[in-house]
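4 protein chains.
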Amino acid sequence: MDKNTFATLPPMGWNSYDYYDTTVTEERVRANADYMSKHLKSYGWEYIVVDIEWYAHGAGSMRNQFQYIPFSKLEMDEYSRLMPDPDRFPSSKDGAGFAPLASYVHSLGLKFGIHIMRGIPRIAAHDHCKIYGCDLSADQIADPSSICGWNPDMYGVRDTKEGQLYYDSLISLYASWGVDFIKCDDICNTNLYRHNPYSAQHEIEMLSSAIARCGRPIVLSLSPGPALIEKAWHYETHANMWRITDDFWDNWDLLKDMFHRCELWQNHVSQGCYPDCDMLPLGYLGKGFGEERLTRFTRDEQRTMMTLWCLFGSPLMLGAEMTKLDDWTLSLLTNEAILAMRTPDCRPHQICLDNQKAIWTAHSNQTQKTYIALFNLSDQTSSIEISLENLSIQVGSFSLLDLWNGQLSSPASSAIRAILPPHGCVAYELCCHS
Amino acid sequence: MDKNTFATLPPMGWNSYDYYDTTVTEERVRANADYMSKHLKSYGWEYIVVDIEWYAHGAGSMRNQFQYIPFSKLEMDEYSRLMPDPDRFPSSKDGAGFAPLASYVHSLGLKFGIHIMRGIPRIAAHDHCKIYGCDLSADQIADPSSICGWNPDMYGVRDTKEGQLYYDSLISLYASWGVDFIKCDDICNTNLYRHNPYSAQHEIEMLSSAIARCGRPIVLSLSPGPALIEKAWHYETHANMWRITDDFWDNWDLLKDMFHRCELWQNHVSQGCYPDCDMLPLGYLGKGFGEERLTRFTRDEQRTMMTLWCLFGSPLMLGAEMTKLDDWTLSLLTNEAILAMRTPDCRPHQICLDNQKAIWTAHSNQTQKTYIALFNLSDQTSSIEISLENLSIQVGSFSLLDLWNGQLSSPASSAIRAILPPHGCVAYELCCHS
Amino acid sequence: MDKNTFATLPPMGWNSYDYYDTTVTEERVRANADYMSKHLKSYGWEYIVVDIEWYAHGAGSMRNQFQYIPFSKLEMDEYSRLMPDPDRFPSSKDGAGFAPLASYVHSLGLKFGIHIMRGIPRIAAHDHCKIYGCDLSADQIADPSSICGWNPDMYGVRDTKEGQLYYDSLISLYASWGVDFIKCDDICNTNLYRHNPYSAQHEIEMLSSAIARCGRPIVLSLSPGPALIEKAWHYETHANMWRITDDFWDNWDLLKDMFHRCELWQNHVSQGCYPDCDMLPLGYLGKGFGEERLTRFTRDEQRTMMTLWCLFGSPLMLGAEMTKLDDWTLSLLTNEAILAMRTPDCRPHQICLDNQKAIWTAHSNQTQKTYIALFNLSDQTSSIEISLENLSIQVGSFSLLDLWNGQLSSPASSAIRAILPPHGCVAYELCCHS
Amino acid sequence: MDKNTFATLPPMGWNSYDYYDTTVTEERVRANADYMSKHLKSYGWEYIVVDIEWYAHGAGSMRNQFQYIPFSKLEMDEYSRLMPDPDRFPSSKDGAGFAPLASYVHSLGLKFGIHIMRGIPRIAAHDHCKIYGCDLSADQIADPSSICGWNPDMYGVRDTKEGQLYYDSLISLYASWGVDFIKCDDICNTNLYRHNPYSAQHEIEMLSSAIARCGRPIVLSLSPGPALIEKAWHYETHANMWRITDDFWDNWDLLKDMFHRCELWQNHVSQGCYPDCDMLPLGYLGKGFGEERLTRFTRDEQRTMMTLWCLFGSPLMLGAEMTKLDDWTLSLLTNEAILAMRTPDCRPHQICLDNQKAIWTAHSNQTQKTYIALFNLSDQTSSIEISLENLSIQVGSFSLLDLWNGQLSSPASSAIRAILPPHGCVAYELCCHS
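Residue numbers (the working numbering), protein chains in the order written: chain A, 1 to 434; chain B, 1 to 434; chain C, 1 to 434; chain D, 1 to 434.
Pulled out of the complex, with its shape left as it was, chain A reads as follows (with noise of 0.2 Å):
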């Protein structure tokens, strides 16, 4: 199967992790699930993704001296695969695993996703447990000095013929269950290792042969970032999406830096290919961390953040807590105009960026639609222009769509100018007079 026809458009979905941290349950999954299916569904968000330790026993319970407990009791099966924590998801019992809550998200007509690790648990090596299929023992196909530097849940697997049999094993049971979506952490960038912060490349290379012979359309996700840019023709070969930013959250100066971190891989989105700005912090967050609260953003940079993601074509995946949404983040949520940008044959295309603006293009050779947007990165309020000689457009040959707020206008000027708040930005479709 062609992994690019697994998500011809830019994934839209939910993910655990902003607010649950590594506490999410099987009770707050459904609820989730069920909020998007009656208010964000018609507007294409589909994907519902359980985040980080799933299979953890206690996760969660010692929050304030770690986020991954060392050494902790991990659910696992005789194969050296990891299950769900049967307290936090209880219709996974008696081996049923993930394939109970997978179908209810079916059944609302949305998709399952779950996170991994890349490896196999450490103590499946330190015991010398069964891989599925194979003779040898996890001990056998562990890498030892292969580790996360942040989560002690696995080791790496080596590059053999039995670690493909590993990730085969891995891939089929949870394609059995119905899974739509991984995401794979410690993988995109191994930012541990001194001499190779690619080095689980063999790995993904794996991932990526499992998911093709599994039978199911499996979106691939690689986490965390920064992505390395001279290893862009390898994501784009085996992945799906990958993360071009270590975490994001809701601080201006992470968003910000966002604009960087866009210029650098705007000619990398494709169809099948989305290079990740990482999770909208919108709404409620933070509880599993200890601290719930409402995003830190602006409205202005929440408009900016959905513009910027929408345009360059970045996978949308929402991080709050959806039951608690108010009307206005829903609003931003579902603006059509705004998510329509989301076309891989929409390509975006920097004019420029300095401290105090942004300015993108994005340009559909298909539709033949131009999109134009202005940013104002300034502390203060200030007026951003491009000139039309820039764009190659003349004057009174176009209107302006303002997708924010569907206002049409004409400009009489040589250029286009806006006048924007701190952080705020505009984005019109450029109407062409025939």
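A few of these clues could be false.
Copies of the same chain look alike in the list, so a pair counts if it fits in one copy or across any two.
Said to hold, decoys possible - Subject to a maximum C-alpha distance of 30 Å in a straight line, what follows is the list of computed DSSO-like cross-link-like pairs (lysine-lysine):
1) Lys161 / Lys357
2) Lys3 / Lys357
3) Lys161 / Lys3
4) Lys38 / Lys93
5) Lys256 / Lys161
6) Lys256 / Lys38
7) Lys231 / Lys357
8) Lys287 / Lys369
9) Lys3 / Lys41
10) Lys324 / Lys256
11) Lys287 / Lys38
12) Lys73 / Lys38
13) Lys231 / Lys161
14) Lys369 / Lys161
15) Lys73 / Lys287
Rather than coming from a laboratory, the hints here were simulated on the basis of the structure.
Fit chains B, C and D to the supplied structure of chain A, relying on the hints for placement.
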């Protein structure tokens, strides 16, 4: 003018450097142009490029000590613009510059190119020379801390309005001569500088602007490499070709390494945007370097080079003294089936690369043609193969056209396989039975 | 001559830079020398150093654009050697150079120093000027690819016999003037260069050789920092002092950071070999920079600086305009108990360093004196302590002499403890009861 | 206890690694100790060191796949402390540990040393084992993200009070056995980690503290190299010797490179502080690696190695199986004149180093002895010389004692000169005529 319309195919031509170093003369340029028009033009070869230090008196006269004589006399007009050395380029006398030579080249149905060093002559700055159309003098636009690490002629130009005026005046002069191609050096990777190997980014932009305004389509080629992959977007916005390698010569290690460089840049070839594998060191080389010789590449290596450059979509710049080409080399340069792979629409894709072999395909969505090349990178005769499964094709459904010898075959097994000599290759067009 | 006999204690003196930048004049040098001879000489202060661009006409006249005016007129003799600008140093006229000024300084019982830039004037190379005692001209010994990243005056000198002759001629001239101290810049860390921040190693050796042969003991001081710890052995072989930091100014962050730099270099202080913490930005500063001001250091910070510099064994070079010194600052510079720590035999040793505090000791095997200094690096008043066990001394066996206020105390507890103001310190001599 | 009193001369001894790899047995240790006591002890050789994985069952049994078998059985006491494998060290049974073997070594008038890996066994953490004298268990003091890049046995210990208690318990146990020397590995340069090759700084401090308190003088040796020159002050504060190179073997390129490493560390040799050039690969080597062989060094290279190690002041740790030493090698190890250079008071100083030669001197202020060594680093017989002027001595004022052959000569020229075979050397003591 849109620079992506200047070179709709990867440029093909001749460059004086590999044979003449700094010593090429007008007479030799004319002789090579004559040869090209007679023997190569009909196959697409068209650029005649005069490489480095055509402005330096006595260039090459101290070759045992210096490639570029420091603090030597440079021919320069009153506006700080370098002019051809009249001793070597007699027709340039009395301010004619390269206009007569360009005119001659054009009369043969070919195009004319020159090499320049980024910046403004150091001596112009020290002598406070004038700038055309500008009140400031050269000392005021030259940046005394921006130098080339390997050539002593120039200072970088400051990122100011007056700096742009200098570049405008330069390109305007060269356009008036009829220059069709500019290879700018010390700009693609300014490798002297610790904190910023892309320190001349603003000079790329100035050159690009000057060309866009000069009224003549001038192909912009940037040197030296290796180009910075994180600036791919910037090269693609401003230039037509950029060197992805340091100087390439007739040495197998360099050729073998080029597979890694092509791997890195494989997704960055498009119309008007060509990652450049550097000149083809074929035929007679090295006279100006004090060691005239035939290329050290074996015939198999020469075919491997041509196959990779063409399938990948690199520009083709011949380094040989053309008037001495033998029939075999000429046949190498005029194989139409091989040259036909060079369409920007034909996207190259590496299937595998290791120390023993490389396998590449290329597919054109426009022509629906698919190419497959197998390369033996080892030092022994080897059998190289690719399974049909990996190519998503089926046994019996296709024939293979060998591009180098025109033979057609129909593999009956589940793989495409070839026995290849050391450093040799085979290139097929895949002909599907409908 | 053995350079380790030139400065048996860390040099103490005055430097024109912090107050005058490039604008110091003979009259101001004399006024400061007069002040030193009257008020500071008896405490060990002795060097009067004229800092950067005493050879540049119009130095400082375009301060809003340039610190060092590019391509401006430099005073130079016929042998490519820079001479004082006669407008600012009238006694230098008619080829006298700095001899008259040096003579005046000597008449006051002080020593005279100058700043030089590594290399040979660029203009000498471009104009093919002569070299004293050598058949080659400046263009033949200048290296066009060796420049300073921040000053446009010079080219580096090639590592050849003739290059050495140039340095010999230079030092010979300066020795004939009576120069006692040379601060050479762009040599300790040539931070422009990617592959080699110690690219002028051969010029350090040439300078060192030239001094050893010139017949006059000239202290050699190398700038700028940070010096490279992996070249410690080389600095120790060839120079008397070398900057362990980039330019130091009256800024707490820089002072706090100096503790890390002293940590790094603590085992590299010995007779004739002094890691240099840079000038003391005290009293009035900054006039030549366009912002005459009193030092921004608090009195506590000033004491902390003096304590660290003296205990560590750094040279002391005063940056103030001395004629404007107030009584308090003068008292800071003339505390004999603090200055007495500065013997090379007195080995500094850091006991601890964290974000809140630093504790240092120093012990002289010769005098058997032991010093202890406690520093409060935090922004709050804090109690800092060190247990006697850590110092290998016993309760009741010793008294403490507070070096800043002369008070004697006998701690009865098992620790030495002090309540210190923000950024403040205390320095004790340990007086053991025999 | 002051660690600088533990080894007043650079330690001399034998280490099991070069011959046995992980496979040394008690019987072989005893045999080598017997040999040393008979043939080498009187020349200063005294340490018998058991190198890596004496605690691992089956160590070396999968040598074709692994040097260190991952996830294999390690002998460990109930307090997470590693114990000797009783199969290979029978006297260690019933909890005796290395006490009986140490006792035997002591009975011969020698000292006993062991190798340890930094940290706590991984299996102790996964199994939540106990820590002696501490309420926490191993999982609570082990850092799951701190591993060795090349050995799978341990996790690093956290920088906490309980972590210190573990190291205290470990050193206390080993001291009770009579251990005199500990070589700790994966600690001098933790080369796995991107951001911090000195990530185990706190573990060096913990080990140093534990030793200072254990009541026994235990020499602390840190591996692997290359040690970080910017941490020289820290090694000097906490350890007795530290490896300045990665593993050294009988390979000329490595030996030639050692001159650069000694250059770097030449000013860091003092009593109790010894930069370590690594073991002497002499005699029979490599059995445990599967390739028993005689050293590949020529006799000239062996003398060069011994001369450099001794003049520089490196520890001397013999890698040979001693019972197989031939007479020539024995004579190399028992040349008293060469060994006499090894006093910490004898300061090494490199005079020159290039690709062809190295010249070193060493001078002792205590004995007033001066040594001069000339090394031919080229592959041809060469004449190497040093002018007397460079040594500040005069013709006719001295004689030279050749340390390797005992001959005395009186050079009549203005230089000391020797014709040396490829990779050979000569070492003189300078005897001044009074």
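Hint check against the structure, violated hint numbers in rising order: 6, 8, 12 and 14
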